[in-house]
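Chemist: Please work from the sequences and hints to get the whole structure.
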Amino acid sequence: MEDAAQSLAERYRTLTPDTLRLVVWYGGDEHDVIHVRDDVVEMYSPGEFEEKVKQLVVEGISDPPVQESFRLFGSMGVAVRRFEKAVVLHFPVDEFSGIAVTLDKDGSPSLDTLVDAGIDALDEVRSDQ
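Heads up, the sequence shown is in this note's numbering, so the first residue is 1010 and it goes up one at a time.
Honestly, the hints are just simulated from the structure, not real lab data.
For clarity, every value in this text was computed on a predicted model and none was experimentally measured.
All the given hints hold, so there is nothing to weed out.
Label-pair distances were calculated between CB atoms; the ranges are:
(1) ASP1113 to PRO1055: 21 to 27 Å
(2) ARG1091 to THR1023: 20 to 26 Å
(3) VAL1124 to VAL1067: 18 to 24 Å
(4) PRO1026 to GLY1083: 30 to 36 Å
(5) ASP1027 to ARG1080: 37 to 43 Å
Keeping only pairs whose Cα atoms sit at most 25 Å apart, straight-line, the calculated SDA-like set for lysine to any residue is:
(6) LYS1061 to ASP1027
(7) LYS1061 to VAL1087
(8) LYS1061 to THR1025
(9) LYS1114 to GLU1019
(10) LYS1114 to GLU1060
(11) LYS1061 to ARG1046
(12) LYS1063 to HIS1044
(13) LYS1114 to PRO1026
(14) LYS1094 to VAL1062
(15) LYS1094 to ARG1020
(16) LYS1061 to GLN1015
Built from N, CA and C at the ideal position, the CB exists for glycine as well.
Modeler: Here it is as structure tokens:
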């Protein structure tokens, strides 16, 4: 699924090159930073940055694609969190894996555009497998 993260990161680099902050693939106890903007990583010490990434992964794992309380709605394709200064998108792949994306709120395309671009990128990779 790291291929999906690479595909998604490339799509966002094209769509929103100046506002893309971070793309992380996670699966179980593992994760890989696929993209990080220089100014974002420079905000933290290496240890602090790793902790921020781990927190992002934990948030993603807490939103699995199939949730009993929402089973009538089907599988969840994305969880969106919009903050004053940033947007966080979690694309769950299965119960313990997915892709997290963070972007600056100002200057980013609409949430619909961001969500659709991410879901399309993941669908393309899934159909190729």
